[in-house]
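**Q** Chain order of the listed sequences is C and Y. Note that the UniProt record's numbering has the first sequence beginning at 1, numbered continuously upward. Note that the UniProt record's numbering has the second sequence beginning at 1, numbered continuously upward.
Hints listed in this document are in silico derivations from the structure and should not be mistaken for laboratory results. Certain hints may be false.
Said to hold, decoys possible - Each computed DSSO-like pair below joins lysine-lysine, with the alpha-carbon atoms no more than 27 Å apart:
1. LYS211(Y) / LYS231(Y)
2. LYS231(C) / LYS206(C)
3. LYS18(Y) / LYS211(C)
4. LYS231(C) / LYS211(C)
5. LYS316(C) / LYS316(Y)
6. LYS231(C) / LYS206(Y)
7. LYS18(C) / LYS211(Y)
8. LYS231(Y) / LYS18(C)
9. LYS316(Y) / LYS231(C)
10. LYS231(Y) / LYS206(Y)
Claimed, not checked - Stretch by stretch, here's where chain Y covers chain C in the computed footprint (C-beta under 8 Å, at least three residues):
11. 54 to 67
12. 326 to 335
Unchecked claim - Partial pick of chain Y residues on the chain C-facing surface, computed with a CB cut under 8 Å:
13. LEU302
14. ALA304
15. LEU420
The model shown is predicted, which means the values in this text are computed figures rather than measured ones. Even glycine gets a Cβ: it sits at the ideal position worked out from N, Cα and C.
Number of protein chains: 2
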Amino acid sequence: MDEAGAPPLELSDALVEKVRAALAVGDTSAAAALAAPLHAADLADLLERLDGEARRALIAALGPAFDADTLPHLDEYVRDQVIEALGPEATGEVVARLETDDAVEVLADLDEAEQAAILAGLPLPERAAIEQGLAFPEYSAGRLMQRDAVAVPEYWTVGQTIDYLRAQPDLPDEFYDIFLIDPRFRVVGAVPLSRVLRSRRAVPLKELRLKELRTFPAECDQEEVARAFRKYGLVSAPVVGADGRLLGVITVDDVVDVIEEEAEDDILKLGGVLETDFFAGPWQSARQRLPWLVVNLATAVLAATVIGLFEGAIEKLVALAVLMPMVPSMGGNAGTQTLTVTVRALAVGELTPSNTLQILWKEIAVGLVNGAVFLVLGALIVALWFRDPYLGLVFGLAMIANLTAAGLAGVTIPLALHRLGFDPAVSSAVFVTTVTDCVGFGAFLGLATLLL
Amino acid sequence: MDEAGAPPLELSDALVEKVRAALAVGDTSAAAALAAPLHAADLADLLERLDGEARRALIAALGPAFDADTLPHLDEYVRDQVIEALGPEATGEVVARLETDDAVEVLADLDEAEQAAILAGLPLPERAAIEQGLAFPEYSAGRLMQRDAVAVPEYWTVGQTIDYLRAQPDLPDEFYDIFLIDPRFRVVGAVPLSRVLRSRRAVPLKELRLKELRTFPAECDQEEVARAFRKYGLVSAPVVGADGRLLGVITVDDVVDVIEEEAEDDILKLGGVLETDFFAGPWQSARQRLPWLVVNLATAVLAATVIGLFEGAIEKLVALAVLMPMVPSMGGNAGTQTLTVTVRALAVGELTPSNTLQILWKEIAVGLVNGAVFLVLGALIVALWFRDPYLGLVFGLAMIANLTAAGLAGVTIPLALHRLGFDPAVSSAVFVTTVTDCVGFGAFLGLATLLL
Chain C
1 MDEAGAPPLE LSDALVEKVR AALAVGDTSA AAALAAPLHA ADLADLLERL
51 DGEARRALIA ALGPAFDADT LPHLDEYVRD QVIEALGPEA TGEVVARLET
101 DDAVEVLADL DEAEQAAILA GLPLPERAAI EQGLAFPEYS AGRLMQRDAV
151 AVPEYWTVGQ TIDYLRAQPD LPDEFYDIFL IDPRFRVVGA VPLSRVLRSR
201 RAVPLKELRL KELRTFPAEC DQEEVARAFR KYGLVSAPVV GADGRLLGVI
251 TVDDVVDVIE EEAEDDILKL GGVLETDFFA GPWQSARQRL PWLVVNLATA
301 VLAATVIGLF EGAIEKLVAL AVLMPMVPSM GGNAGTQTLT VTVRALAVGE
351 LTPSNTLQIL WKEIAVGLVN GAVFLVLGAL IVALWFRDPY LGLVFGLAMI
401 ANLTAAGLAG VTIPLALHRL GFDPAVSSAV FVTTVTDCVG FGAFLGLATL
451 LL
Chain Y
1 MDEAGAPPLE LSDALVEKVR AALAVGDTSA AAALAAPLHA ADLADLLERL
51 DGEARRALIA ALGPAFDADT LPHLDEYVRD QVIEALGPEA TGEVVARLET
101 DDAVEVLADL DEAEQAAILA GLPLPERAAI EQGLAFPEYS AGRLMQRDAV
151 AVPEYWTVGQ TIDYLRAQPD LPDEFYDIFL IDPRFRVVGA VPLSRVLRSR
201 RAVPLKELRL KELRTFPAEC DQEEVARAFR KYGLVSAPVV GADGRLLGVI
251 TVDDVVDVIE EEAEDDILKL GGVLETDFFA GPWQSARQRL PWLVVNLATA
301 VLAATVIGLF EGAIEKLVAL AVLMPMVPSM GGNAGTQTLT VTVRALAVGE
351 LTPSNTLQIL WKEIAVGLVN GAVFLVLGAL IVALWFRDPY LGLVFGLAMI
401 ANLTAAGLAG VTIPLALHRL GFDPAVSSAV FVTTVTDCVG FGAFLGLATL
451 LL
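Use the sequences and the hints to build the structure in full.
**A** Structure representation (structure tokens):
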């Protein structure tokens, strides 16, 4: 078998270790020789796995052999370090070799001084294209798109199109649809390449176009773009200006990244951490995670204040202190279940005004049903443990109250945050557990004061 | 503007309400007229938003106009109801109109009796193709692939290929790469359509093939497939048997679903709920969520037992009862932060044996740093609140101990579950909070017993 079409070189743990070992003994040229044949995505992986010093040494050793396409594959935190190691001049050279969408993505994360230093070194056309890309709002279709779209007049035939494509040297590397444009450069149709290839030369492209044309305004949020790509199985789609003119094209590989990032984002936000956490050093991670812990301290103080209201009851019956943390613990878990479902349903657009009330009733019902289970189970355990049926009853009643509150809070809190324009993934958990903590302690100790 | 290429019909909240209203007054033909022109993905959305009764009425009203492609777009829970409403015979007719990969996906979720009933009604070739698809393991490349791949002999030219494609009526709807095969039907290359279209008729396809050929064995896990598609920006890739023969093709639209589902899955598992939760009724949801709550009850009993060891200390100083829930609350949050980062790093393959130790040290460092912050902050708050500096010191020391334990548990528990072959997203949270609860209560009350 000849070289092309051969199975690709994989980045194995063993290869990472070899590169690391070579760098450790200062044999940078051996390390570069191992790294150079890797696919850009694998080189990015390798760089992410090395520590800061080894990373800089490898980049220096690769020199001009450094594959430009590595940059967009890197985690933001590692990319900053790589760009710093390259310096503005070499970064400029690397950025100039990227497609516009990738160049914009790389530059967007830098601060303005760094951006200006790199842009200053670029040839004017590239510079203008990147600056135009950066002018679109963050996370918009305009930022995501590539400017080189393949577009032909709407009245062309298959034959004309093929002749044009064969003659034109300046086309994007890969494209999946040909867009039809009217004389004012407005998009009026999209033709998948497979349809062009299967049709005779005389067939007008118009006859081959997709029944439905899905275009995206440049300001459209990338999440909306990703949702449409996923829903309708799109592979590429045109981005248009306010006047309907073709501005560029979004391809599915960029959308795949968005889908992964948005989901990733929700996971990490729900856990109270930032996207760059994994590759950040201990100091950065500690600092980034601190704010949520401080917020949690405040809510914990609130919960402690609720307990403080019932000091007298605890003094009389210390068993209350032993049992009381179980009630908010159960409520917190039930609330997390509900809020997880709610946050995801909001993110994927399944929770709409037309079914909100139905979902709210459902969650209250779930809280009552599972609350009833723990009313019985909890009352039994406590009655047997402390040989006190009344204490068991108090515990069970607090359980059902708190699980119902959890269901209610788990829907209403993320929903309210969403309606107010906040991201429900970020702060729902802390509010929901505040409710379940306060209701949990309050209900248990309050009922104990009343009934025991 | 003529019909094709027109902006597509959108599923708005208003349209959902109109359909719902028509069904409510029994005007099923009006509802069907509103629903029939929708894209399959939108019809699926509409069906998901209706309640069970309205759903059945709409399906009955649509009759043979029911778009087969709706089925793969439906949430599993809703799809079961739709298939039940259709009955095995009509479902068979609908399934026969789907591409193999979609048909396999739909049938895979049904129980064996339902599968058999539907398969019995299918024409033999479709039936054989679907049965072969179902023979591959769940979540494998074989399940994901479509059997109709476009493949031509490796020695063909662009001209021969175009002539073949024009003459062949039986090709898949959409395809993005042409695979080159040797005489034994083994894949030896992949040529993107854009390269074929841009090249003159005499050019051999071999010259146009991608430098790297990425094939997937049929048994390969879909998560691995998705990771490679994302990493290398693939749009389609061949699936091969053990002998390297071409079995089918995976296209990016199927992979987009996998990426979304895997991330979704992790989010919901971390929250202790199932994927089908949102569309399930209250009874089902309550039942599905119960097991984790029962596990949590057991761990809460464990934490209460730890408190029980120190009843004497609480009896002497009831302030301990007021303060003690704050310690595990903070530890639980810090542990959740760490485990979220760890679970995601494991899922996307960033946490490997070569950097495990480094990450473990980092998390312990983060725990110590943030623990030190709350040692000072917590000690101050408590000392001022209860006018007792020693109580403040005990509280602060318990904080730093628990935040360090949280960092340690947040890495080691998901990692251990992963090494043992379990999914760390499912059960890490419950184990980590058990550790932070027991260490939190134990450290605070234990230190109080020793030092106060």
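**Q** Run every hint past the structure and note whether it holds.
**A** We went through each hint and held it up to the structure:
1. LYS211(Y) / LYS231(Y): With Cα atoms ~16 Å apart, LYS211(Y) and LYS231(Y) stay inside 27 Å; holds.
2. LYS231(C) / LYS206(C): holds, 25 Å
3. LYS18(Y) / LYS211(C): holds, 25 Å
4. LYS231(C) / LYS211(C): holds, 16 Å
5. LYS316(C) / LYS316(Y): Holds, because 11 Å separates the two Cα atoms, which is no more than 27 Å.
6. LYS231(C) / LYS206(Y): Violated, because 35 Å separates the two Cα atoms, which is more than 27 Å.
7. LYS18(C) / LYS211(Y): holds, 25 Å
8. LYS231(Y) / LYS18(C): Given that 27 Å is the threshold and the Cα spacing comes to 22 Å, the pair holds.
9. LYS316(Y) / LYS231(C): Roughly 63 Å separates the two Cα atoms, so the pair is violated.
10. LYS231(Y) / LYS206(Y): holds, 25 Å
11. 54 to 67: violated (count 0)
12. 326 to 335: holds (count 6)
13. LEU302: At 10 Å from the nearest chain C Cβ, LEU302(Y) fails the 8 Å test, so the hint is violated.
14. ALA304: holds, 5 Å
15. LEU420: Violated - the Cβ of LEU420(Y) stays beyond 8 Å from chain C, reaching only about 20 Å at its closest.
Hints 6, 9, 11, 13 and 15 from the earlier list are contradicted by this structure; the remaining hints agree with it.
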